[in-house]
Amino acid sequence: MTQVPEPSSKRPADSQFVVRRVYVPKEQSLPRRWLSFMRANPLFTIGLILLTMFVGLATIGPFFVGDPLRTNITERFSPPSAEHWFGTDVFGRDVFARTVHAARLDLSIGLTIAFVAMVIGSTVGVISGYFGGWVDEIIMRLTDVLLAFPGFVLALIIVAALDESLLNVVIAVAAAYVPYFIRLTRAQALVEREQEYADAAQLAGNSPFRVAFRHVMPNSLQPALVSATLVTGWAVLTVAGLAFLSVGIQPPQAEWGVMVGEGARDIITGEWWTSLFPGGMVVLAVMAFHFIGDDLTEARA
Amino acid sequence: MTLLDIQDLYKTFGRGANAIPAVRGVDLRLERGETLGLVGESGCGKTTLGRVLVGLNAPTSGRVLFGGQDIVGRLSESQFRSRVQMVFQHPLSSLNPRFRVATTLSEPAKLLTANSDSEKISKAIAETLRLVGLGQEYLTRKPGHLSGGQQQRVAIARALMSAPDLVVLDEPTSSLDQSIRSRIISLLKDIQATRAVAYLFISHDLSTVRKIAHRVAVMYLGRIVEVSETNELFEDPKHPYTKALLSAVPSLDSNGRSDRIILRGETPSPTELPVGCSFQDRCDLVHDRCRAQRPELGEIGPSHQVECFATQ
Amino acid sequence: MSLFRATGLNVEVTGSPYPILREVEFSVEPGEILALVGESGSGKTMAALAVMGLLPFGIDMTTGEVKLEGRNLARSDGTVERDASQISMIFQHPVGALNPTMRVGSQVARAIQFNQHVGRSSALQTAIEMIGHVGIPGPEQVARRYPHQLSGGMCQRIMIAMAISCKPRLLIADEPTTALDVTVQAQIFELIKALVEEIGCGVVFITHDLGAVAEMADRVTVMYGGQVMEELPVAELLGRPKHPYTRYLLESVVQEVDHRIEDIGVDFALTGCRFGHRCLLAHDSCNEYPTLEEISPGHRLSCFAEKAEAP
Chain F
1 MTQVPEPSSK RPADSQFVVR RVYVPKEQSL PRRWLSFMRA NPLFTIGLIL LTMFVGLATI
61 GPFFVGDPLR TNITERFSPP SAEHWFGTDV FGRDVFARTV HAARLDLSIG LTIAFVAMVI
121 GSTVGVISGY FGGWVDEIIM RLTDVLLAFP GFVLALIIVA ALDESLLNVV IAVAAAYVPY
181 FIRLTRAQAL VEREQEYADA AQLAGNSPFR VAFRHVMPNS LQPALVSATL VTGWAVLTVA
241 GLAFLSVGIQ PPQAEWGVMV GEGARDIITG EWWTSLFPGG MVVLAVMAFH FIGDDLTEAR
301 A
Chain C
1001 MTLLDIQDLY KTFGRGANAI PAVRGVDLRL ERGETLGLVG ESGCGKTTLG RVLVGLNAPT
1061 SGRVLFGGQD IVGRLSESQF RSRVQMVFQH PLSSLNPRFR VATTLSEPAK LLTANSDSEK
1121 ISKAIAETLR LVGLGQEYLT RKPGHLSGGQ QQRVAIARAL MSAPDLVVLD EPTSSLDQSI
1181 RSRIISLLKD IQATRAVAYL FISHDLSTVR KIAHRVAVMY LGRIVEVSET NELFEDPKHP
1241 YTKALLSAVP SLDSNGRSDR IILRGETPSP TELPVGCSFQ DRCDLVHDRC RAQRPELGEI
1301 GPSHQVECFA TQ
Chain D
2001 MSLFRATGLN VEVTGSPYPI LREVEFSVEP GEILALVGES GSGKTMAALA VMGLLPFGID
2061 MTTGEVKLEG RNLARSDGTV ERDASQISMI FQHPVGALNP TMRVGSQVAR AIQFNQHVGR
2121 SSALQTAIEM IGHVGIPGPE QVARRYPHQL SGGMCQRIMI AMAISCKPRL LIADEPTTAL
2181 DVTVQAQIFE LIKALVEEIG CGVVFITHDL GAVAEMADRV TVMYGGQVME ELPVAELLGR
2241 PKHPYTRYLL ESVVQEVDHR IEDIGVDFAL TGCRFGHRCL LAHDSCNEYP TLEEISPGHR
2301 LSCFAEKAEA P
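Chains F, C and D are the protein sequences, given in the same order. Final position of the first sequence in our numbering is 301; the numbers increase by one with none missing. Final position of the second sequence in our numbering is 1312; the numbers increase by one with none missing. Final position of the third sequence in our numbering is 2311; the numbers increase by one with none missing.
Treat the hints as calculated values from the structure; they're not laboratory data. Quick caveat, the model's predicted, so the values are computed rather than measured. Hints are not guaranteed to be accurate.
Stated by the list, open to error - Label-pair distances were calculated between CB atoms; the ranges are:
no. : chain 1 : residue 1 : chain 2 : residue 2 : range
1   : D       : Ser2076   : F       : Val55     : 54 to 62 Å
2   : C       : Gly1148   : D       : Gln2255   : 17 to 25 Å
3   : D       : Asp2083   : C       : Ile1300   : 55 to 63 Å
Ideal Cβ positions, reconstructed from N, Cα and C, are used throughout, including at glycine.
With the hints as extra help, turn the sequences into a complete structure.
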């Protein structure tokens, strides 16, 4: 039998050997890959489509529709038609125009609230998680106090306490969601501070504050970023809900919650379009953020 | 003067009934440019000792003399911080995943040295990178794009940036593949020859320790039970635990050898230690004195110390 | 007749045409310890799970015979009949492999209760005996503890107690000591060897540690990329193994040569030998899939090198 010689690290230069493979299917083209992604993640796809639509509506929509505040009593309560896609309301205002303008308002408020809550909540959360001790205890108890109130009720109380301006609505609703981000980021910070790189950062000469904000915090943000989508949806819902109660954003401002508030009583007399369309928009918007946020959260887990 | 002189170091975690004594009165010395291997199994306190030395945990009592000065609680001062550094066990998690290599290496340079000149810092980074055998192209990479061996080289470079006199290495090769280990060990030895830096090499892997350490200390339940020059420890171990530890390592020449020492029982919990020698329930040479009194490290030869009544 | 013989094991990811394990076979004699050796990703754990019928969802055994004392346990639908009184398994992370919410004595007792069809209190008695038998002092007290209160070594002994409580014909040990200290490892090795003598079962010892192989094994099966490369007695492994991959393995450990430079990972789509792209002896016939052939008593090799021209 042939002796097997000593293996070395290099194949002889004159070796002609080429491995043969069974048929390997071609890489799928980009559109095909998108299709299979969409089939595999239907809800995410729906959310993405809806979100794109809303972003489009919110950014360029207002340039193309009529004046949301223009009243025309002669045309009040007209049902949906070619001229007024969503009909008109009690003052003869075009519901579609109002809906589109409201999209811009609601979405931008929602995003702002989520952003503010995230920034404040994450910072506090990292401080709490990294430093621990009595700082952590105090922050956690304050968070508990905030969480004792249902988010909506808390926002309601705060807006009622301050005067009713858009800024205060943002503050109030953000306050309702800050505790959520505090908890989320704190949990991640607790994990990250035990990692060896946090120790190494200390050995490299960083003060505890630098370790917390330069090292631990950026690595603790991921769950918060992912949840920000969900929170945006909830924020829109909360703002609309407050406006429905005439708290915060008031008529004649075009806002989905305001419109539902105004149009709710019209249903009894048969004018369903004044509340259904804006209400439907809220539902779709929150759904869109939920579908996207849920999938992102699962993907992270 | 001795570079590092650990005197009667204690570290206990927790309080009262739940107190866990991880380090129970350790005395150790380390000279400049020397490598001391610290071996033991899980729970013996070697990692805790390393962490206390570099200041990540505060000792319960005892002194750590560095160049003659007690550095306990003073390691945040930059004069000491720059001179005592550490390399960790898991290369990937010891590097900030969001930092490029250049950023990771520039931090100790900026924070721990007098260099504020960015040009000087870049030069120092380039030089250290070369020292650990990595090319300049690695500066822009992030840890996730490096192999385990490369990550550990970056970690070593980071530890060297402040020109330390002592580097504590906590299981630096345990997460690396067999074939990479020897390269990292050779690298460490080369660096020691160039920079005269002392190593405290903590490991449970005896064969790796043998290749790099000048002296070896064996730790059991928070105490040093034997210290000796490396070859002497491996060829002529004196403490019963050291003998068992050495014989337990499976090697390719073993083929079921019959002279293997199998220890009875398990390592006792540090919260339930017996009076006297903590090895008494597992030791074949135990006698009454071992149960009554705790032995201390005693010299049995030049630079060979053992903590055992049976050998003294 | 072998105690245990698995042949023609082909394991695939559902829907994928490329097999993870290809024509894998290994066998054990009574009272023998077979080491199943390979680096991570070689498929050794997958092979064990396949013969136990424990393949995860999404991975199927498409063909294969699993014969225990002559009887084929593999069913035609790809599942494998599993009887704990015949084949038992112990795993790598002892504390994690035990149920954290149950006392360890109850866990062992349950195994006995269900496999030997005895009553609960009788099973508990036997469980306590077994726990003492595997070298744990004070078994009555230990039986009342939860896994997180015990050390890794003790949990591994508990797992062994569970595994041998029904006097299995075959014990599969998947890296049982990788997570344990070296002195504990030595104890576990002694325990396993003593039990093999006492019960006369066969052991499939899965590991990547060649030192452990030298300690424990009588025979060795070497795997790479889901393919069996060589099967030989342990003395020949340490002497002069014949397969290029086995020699690579030894070189990495003994001489610490870093072969990973040419490692581009395993390509399951290859028609031929899965070591082909790294082997310096590779030639055209290596695009055919090699089969295990006996080259000397007890030594089988799957390699075309012997048919190559001597360079």
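Open item on the list: 55 to 63 Å was suggested as the range; check whether the CB atoms of aspartate 2083/D and isoleucine 1300/C agree with it.
Closed with: holds, 58 Å
Task: Outcome of range test on Cβ distance (serine 2076/D, valine 55/F; 54 to 62 Å) - done: Given range 54 to 62 Å: holds, Cβ gap about 55 Å.
- [ ] Please test the hint of 17 to 25 Å on the beta carbon pair from glycine 1148/C and glutamine 2255/D.
- [x] holds, 20 Å
Going through the hint list in order, the structure satisfies each hint without exception.
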